[in-house]
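Protein chains: 2
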Amino acid sequence: MRELGIVTDGAVLCREGRVAWVGKTGEFTGPLPDDMTVLDGTGMVVLPGFVDSHTHAMFAGSREREFALRSEGATYQDIAGQGGGILSTVSQVRKASKRELKHSTSRYLTEMLRHGTTTAEIKSGYGLAMETEVTMLEALRELRDEELSGVVPTFLGAHALPPEFAGNLPGYVALLVERLLPYIARKNLAVFCDVFCEQGYFGLEEAETILSAAKVLGLKLKVHADELTSMGGAELAARLGAVSADHLEKISGRGVEALAEAGVVAGLLPGVSFSLNHGYAPARRLIDAGVPVAIASDFNPGSCMSFSMPLMMTIACTQMRMTPEEALTAATINGAAALGLSATHGSIEPGKQADMILASVPDYRFLAYHFGVNHVRSVIKNGTLLEL
Amino acid sequence: MRELGIVTDGAVLCREGRVAWVGKTGEFTGPLPDDMTVLDGTGMVVLPGFVDSHTHAMFAGSREREFALRSEGATYQDIAGQGGGILSTVSQVRKASKRELKHSTSRYLTEMLRHGTTTAEIKSGYGLAMETEVTMLEALRELRDEELSGVVPTFLGAHALPPEFAGNLPGYVALLVERLLPYIARKNLAVFCDVFCEQGYFGLEEAETILSAAKVLGLKLKVHADELTSMGGAELAARLGAVSADHLEKISGRGVEALAEAGVVAGLLPGVSFSLNHGYAPARRLIDAGVPVAIASDFNPGSCMSFSMPLMMTIACTQMRMTPEEALTAATINGAAALGLSATHGSIEPGKQADMILASVPDYRFLAYHFGVNHVRSVIKNGTLLEL
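Top to bottom, those sequences are chains A and B.
With this note's numbering applied, the first sequence covers 1 to 388.
With this note's numbering applied, the second sequence covers 1001 to 1388.
It is possible that part of the hints are untrue.
Taking CB as the label site, the calculated pair distances span [as the list claims (entries may be wrong)]: (1) B/Leu1004 - A/Met1: 42 to 48 Å; (2) B/Glu1100 - A/Glu349: 34 to 40 Å; (3) A/Thr384 - B/Gly1023: 48 to 54 Å; (4) A/Arg65 - B/Gly1026: 23 to 29 Å; (5) A/Arg377 - B/Asp1009: 34 to 40 Å; (6) A/Pro350 - B/Phe1165: 32 to 38 Å; (7) B/Gly1010 - A/Glu146: 36 to 42 Å; (8) B/Glu1100 - A/Ile6: 25 to 31 Å.
Among chain B residues calculated to face chain A with C-beta under 8 Å, some are [claimed, not checked]: (9) Asp1034; (10) Glu1064; (11) Tyr1076; (12) Glu1111; (13) Asn1277; (14) Met1305; (15) Ser1306; (16) Ser1308; (17) Leu1311; (18) Arg1321; (19) Thr1323; (20) Pro1324; (21) Asp1363; (22) Phe1366; (23) Tyr1369; (24) Asn1374.
No lab work stands behind these hints: they were computed from the structure.
In this text, all values refer to a predicted model and were calculated from it rather than measured experimentally.
No residue lacks a Cβ here, since even glycine has one placed at the ideal position from N, Cα and C.
Turn these sequences into a full structure, and let the hints steer you where they fit.
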């Protein structure tokens, strides 16, 4: 994670949306197309676009009131008890139309592109019922086709227990397994299935039931694991062959070993620990154990109202002891790995999708070091310079 | 600090650079000038421009290497021992011309304006010799006259002991008191005198000598107090009648009482604790004791490479238990108070300088809540809409 393969005085040739050549400017010897567009990056750093591998960027309403309550000492659990938390966003999303959801997420995707994020995973999970979960996933599929950003849809029906099923967790799990998952798989509405595996949400047993059903149906797996309690979510992710286990603030030593052995990506979310003023995931221990670590924004209206990947890098460096090199790897190629896309995304290599940003900084370290300001000046997606 | 005086559906009339009227749009009854420029703020929040009361925004070089070293566990003191820290910036500033210093700071001031900071205090203190300290202050005076931003210059000759005086602290204090301060006062080059009162820098006795001399010469006082060690810097600030005591990460209970009794503003710097991963100043205790609390960026290349006042508000709310209302007060009117400018700056009131920002947020709380993105859409300085 510390090897960036920096090319000084470099050049990149893109062709048909892909990287055709990368190296020192002076070393290019092949023929150049006549109608080539040249973008001058003098004095700038060219980087792969950020791959934000964990977001909830489709939502309605906002939760600034909860932010204020937390500043006065209320905990995440207190707020959920007062009718806040995930379910307050669920009630807003259920009232929103597909068009409204698309419009709001489309605006966020554009802002995210302006801040360098060229690919974003987005989860459902604010519907928690057949109709609204499907609406969210259909909206995400349409955005994937219509927007400039890369969008990877994840089904997170198991985000919280909806009020209709209060006291009936088995009934909701049955709905997910028997009705939603088969429909979503048949309609090809999601690449991943994710479960919030946590006390008071979905236990290990329920998570395993849901994820196993998803796996049989051909979905890839993610797990919200060991966020508030060390309950073995990471071990479950490893056992089921999940692509990533995310959060991990409370991961155990055995969880770290399990991820390392199974090659599961650890998806760390620095902005959540920062926003909630909780402890951070043990990034150092994970990296030192050989676990591939990604960082993502977890952009959502409750626990992290930010999509800034550079700021996530700053938090990772200052609070989690990740080096600037590790943070950059975690925000690009390892983010791609957390989405099963490392063969095509996350680095500037011949044959890969040409998703790149030009940052007005003298050195890649400035992205994390000089924080709270957007250094991105140009964004290239599929080889095309975007007008943002 | 929690009373914001919010006007919904409000309007502000500016005339000759000042606020002439403020209230509900429908309640304005007076005559309007024919040649009035109208700025539509529908759907936005109008706020006083941020007053950043503690910055080191004039510097040369950068210290991203130290940022990387800290991510690997090096402390601030380790880095100073390896030739990093303040003195590494001093060696860069001594090599820079006045024109270079002005150019770099001018660019930062423009970026700060774009992020809503309409007034910034800027300290010298990277010269640490007669000629370079005077060069910095002259450069700041010229910027104050030339730039759109408000600039308040502070003399911080006592920032660190320059290499020429190694082992001779009394000699350097004598230089400051006998030569620099009288010259700076006579030429009117600074509004404030500040001292880094800290073990290994300037002790209580030296700080008192320097600040007392400055006071006699008519300068107002600031103190870098109780940052790394609880040594009574706050009490000294109170005893000398300083306008503000800044940092205060390690302030004692007696220090808090002293500031409250003397009415000294506590200038807290959330970005430094965040960047260095140190403890935070006890904002809650200070506010509850009746101390007026300001927050500032401390923008500098070593311990906080950020000038984003909204991000400082976010850090204050999430890490220091300040409410969004307190954070906004601290970043505006209390920032003005920390510069002795609360009669003319820091709020939108008739007769005050018309320094305002329009933020594209539905509610003032979004400035802190929705972090890592610049919400400022328009900046008005002295009643004029700026083209940034």
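Tell me the hint numbers this structure goes against, listed in increasing order. 6, 9 and 11
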